[in-house]
Amino acid sequence: MTAYAIAHIRPETMNEDILTYIETMQSTMDPFGGRFLVHGKEVEVMEGPFPGTVVVIGFPDIERARAWYASDAYRAILPLRTDHIPGEVILVEGVPAGYDASKTAAALRAEAGL
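Following the UniProt record's numbering, the numbering of the sequence shown begins with 1 at its first residue and continues without gaps.
Calculated directly from the structure, the hints in this document are not laboratory data.
Where a beta carbon is used, it is the ideal one built from N, C-alpha and C, also for glycine.
Any given hint could be a false lead.
Distance ranges between label pairs, derived from CB positions [to be verified]:
1) Asp72 x Val45: 35 to 43 Å
2) Thr13 x Pro96: 37 to 45 Å
3) Arg75 x Leu19: 16 to 24 Å
4) Glu23 x Gly113: 52 to 60 Å
5) Leu108 x Glu23: 39 to 47 Å
6) Ala76 x Val45: 32 to 40 Å
7) Ser27 x Lys103: 36 to 44 Å
8) Phe50 x Leu19: 21 to 29 Å
9) Asp72 x Gly40: 19 to 27 Å
10) Ser27 x Thr104: 32 to 40 Å
From just these sequences and the hints, can you work out the full model?
As structure tokens, then:
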């Protein structure tokens, strides 16, 4: 099942390290089937405060997303970003085609005794 790496990145002043990180990212993702789905686009905030932007990378499955994040190639460039840009990164598994949220709501309702 498709998995995603999602980063919430705060605005910072561009520098050489960040540019090197951006230039190198794709080569770290390629062995794991990763591809940018959202990158370098301005967000349209609909609710609440949301400083910064997001990056979304798709992977064929959660195992490959984890393997990419833990890879020597990615770990080598990670400080180029983390030393300069505050933010959070998560990995999350997607839902299958035909997913029905009402079934999840019913299970949550039963679990909560509601």
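Now the hints, each set against the structure:
1. Remark: the range hint 35 to 43 Å for Asp72 to Val45 is upheld by a beta-carbon distance near 36 Å.
2. Between Thr13 and Pro96 the beta carbon distance is about 42 Å. The supplied range of 37 to 45 Å therefore holds.
3. Here the CB-CB span from Arg75 to Leu19 is close to 19 Å, well matched to the stated 16 to 24 Å.
4. Checked against the hint of 52 to 60 Å, the C-beta distance between Glu23 and Gly113 comes to roughly 53 Å, which is consistent with it.
5. Taking the beta carbon of each, Leu108 and Glu23 are about 44 Å apart, inside 39 to 47 Å as hinted.
6. For the pair Ala76 and Val45, the supplied restraint of 32 to 40 Å holds, since their beta-carbon distance comes to about 34 Å.
7. Between Ser27 and Lys103 the C-beta distance comes to about 40 Å, which sits within the given range of 36 to 44 Å.
8. With their beta carbons about 24 Å apart, Phe50 and Leu19 fall inside the hinted range of 21 to 29 Å.
9. Range check, Asp72 to Gly40: about 26 Å between beta-carbon atoms, so the 19 to 27 Å window is met.
10. Roughly 37 Å separates the CB atoms of Ser27 and Thr104, a value that falls within the hinted 32 to 40 Å.
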